[in-house]
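Asks: The residues making up each chain are set out below.
Number of protein chains: 2
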Amino acid sequence: MIDPGRFLEDLRTLRTFGATGTGVVRPSYSEVDLAARAWLRDRYADAGLKAEIDGVGNVFGRSPNPGPALLIGSHSDTQPTGGWLDGAYGVIVGLEVARAIRESPDTADLAVDAVAWIDEESTYVSCLGSRAFCDLVEPDELVDATGLDGRTLAEAQADAGLSGTSARWDERNYAGFLEAHIEQGSALEASGDLIGVVTAIVGARTMVIRFSGQQNHAGTTPMRLRRDAGMAAVRLGQAIDARFGELTGERTVWTIGDMRFEPGASSIIPGSAQLTLQFRDPDAALLARFTDEVERLAAEMSAATGVDITIEPDGRAIEPVDMDPTLHDALAAAAAETAPDRWTSMPSAAVHDAMFLATRMPAGMIFVPSIGGISHDFAEDTSDADLVRGAQTIADAAVKILRN
Amino acid sequence: MIDPGRFLEDLRTLRTFGATGTGVVRPSYSEVDLAARAWLRDRYADAGLKAEIDGVGNVFGRSPNPGPALLIGSHSDTQPTGGWLDGAYGVIVGLEVARAIRESPDTADLAVDAVAWIDEESTYVSCLGSRAFCDLVEPDELVDATGLDGRTLAEAQADAGLSGTSARWDERNYAGFLEAHIEQGSALEASGDLIGVVTAIVGARTMVIRFSGQQNHAGTTPMRLRRDAGMAAVRLGQAIDARFGELTGERTVWTIGDMRFEPGASSIIPGSAQLTLQFRDPDAALLARFTDEVERLAAEMSAATGVDITIEPDGRAIEPVDMDPTLHDALAAAAAETAPDRWTSMPSAAVHDAMFLATRMPAGMIFVPSIGGISHDFAEDTSDADLVRGAQTIADAAVKILRN
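Sequences listed follow chains A and B, in order. Take the first sequence: its letters are residues 1 to 404, numbered as in our numbering. Take the second sequence: its letters are residues 405 to 808, numbered as in our numbering.
I should point out that these hints are in silico values taken from the structure, not numbers from a laboratory. None of these values were measured; they are calculated from a predicted model. Note that the Cβ used here is the ideal one computed from N, Cα and C, for glycine as well. Hints may be right or wrong, so weigh each one.
[Stated by the list, open to error] Covered stretches of chain B (chain A as the covering partner; in silico rule of three or more C-beta atoms under 8 Å from a C-beta of chain A): (1) 598–611; (2) 625–634; (3) 660–674; (4) 735–745; (5) 775–781.
[Claimed, not checked] If you want the ones that stay clear, here's a sample from chain A, every Cβ over 12 Å from chain B, calculated: (6) Ala45; (7) Pro105; (8) Leu110; (9) Asp149; (10) Ala158; (11) Gly219; (12) Asp283; (13) Met361; (14) Pro362; (15) Ser375; (16) Ala385.
Between the sequences and the hints, there should be enough to build the whole structure, so can you do that?
Replies: Set out below in structure tokens:
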């Protein structure tokens, strides 16, 4: 039902906004991001949708048909040095599915809205567009938000002529939200499946652990008299890794993404240190258990070393979210037709806009394979056949959902 | 025999060159460092010594008496934010002892030379002055040496009107070298001793260990598929600490002074990491054993994690050096008179100019207590009584050495 050629052509046109080598540099509120949003608004209008850029920069193409409407899309902003498909793929799927359903006499009565969220990639505030739409942004998150170019969020929005006030989920009667996305991992490639129907999006905890000891001379200070902040950080990092390995669930991942010592000189015992720990799991109870273990191990390490250790959350806790079972089943039924015996159900290990939409309406997601599992990198890619198959799956599922 | 008032006054005058709060900022080849060297040259001349600033900036005051001469001194440059006594104390001890011995009819026939070495604190090249004097500087060390102000060593020397060529140890017949220094640790304060007679200066190895893995998404990359450079660094750091704790000698110290992850973001598995490891011991065989253990543990960790690990020395290996037993005994005999029952023999855990002099002539050192064990800090201090006692100990030992 969709037009594969037109779909791929629009996807490649969106890529030209910020194209850099094989990748794309299109962070939210940049000149190319705003130009891409204006282009998307025009594409929605060309498709006969009521096109609008809201006050935070989200682009909507609303069906003139009465609801309940199915909202389909993703985000069109990228990482500072991003791939061409992360977000952009789901945006053009939304455009093509809304357009194709309007064009076909069989489905022209159905209400499909398309959307391109802003700032999922956290140039200013993580998932700003979808969270603002869902009324899930706390005012204090906006105050100090500053982009890579030094502008505040308020300045970036003012420069773009935006009011800062988004459209809201409760202004229209929605049947649900669908998002297509690249997997950003290698599970599909490893299993040979072509479509992953998402069951849940994992929750995450990110924390900064700070160590405060006593800076001193690395030669003249005997081991027994040291309060070495760096060594306490190393020992706690290893203890957390070992303990998480014992407690791990099937899908648990944990990462020490950063570690820093001060002053960081070869002949000086570090007086302070910090590490950033993140862990993710679809099970909220396991996330709580891990948090407790980190606190227990930190207290033990502090007692053993005389180094003060504090733990602070880095950003908000992300709670695991289940996708809607009815939408999951509609997507699975569609996948069984577009990819017979080559689709699977799976959790998402990455955050997506659908996590927030799921708190306001039924939400569903699918993944298409990432070549080599690579994302957030210029090398990010997916085959044309897989891209088209995902779009067709969303289109088929949309009709099933709206007809039931 | 020495003049305590004159000694302390000269020490305080030297402090004024670069005085900053209670500390001193007098890095080598800075304007205040060069002014202090001109002042020292004039003090040596006033004391009846043949005063000269050599081509690297070392200041000598040579006795007109024939040798063998006893050379006494330390360095007059400081850390970027240094204390007032580190180096300066031993320089003024050299001035006062050479002066007092010349003045006293009983000792006026003895040959005592005074010296103020340059760049012990490594603004350009660690222990440059004393190592150049001993012909221990490799030409390639000088090529890229650059100071904190961005000047190369050659530029700094040219700005100071210096040739770059130092005086040499073999241009005069030396009986030995004596250095007085603050302890820079708290062993004397803890034991209640007032003089520490140095037996040996510990050797040190410093190495940068680099980890190269695979940068990836911290959510979508399962634990079993990771090659996490950061976690390999944490685990190896902990394994080294644990193993060194089993092998340790009485005086062994080890420090991970720095650790860095790239790219250092909470949601990204580090693709590369590095840590800086330093360990010190007076026993060369134990230093070699530790080096072997680091290499063995790194190979095991690389095999276990799939992360490439390389080990590179950071600067030159510092070999442990014994002080001369005859000079040690002369210093001990003097200390037994200036600090009856309150002196001890001890190794030095820090590098000093005497390490290099010891390769060319008999060398001896004493320590005086550091209040609170603090050094390389504006708060560095020692009581006047302890400062004077150290100077008198060097003077008494000098006479014993030159009379035997």
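Asks: Please write out, lowest number first, the hints stated earlier that are contradicted by the structure.
Replies: Of the numbered hints given earlier, those the structure breaks are 4, 11, 15, listed in rising order.
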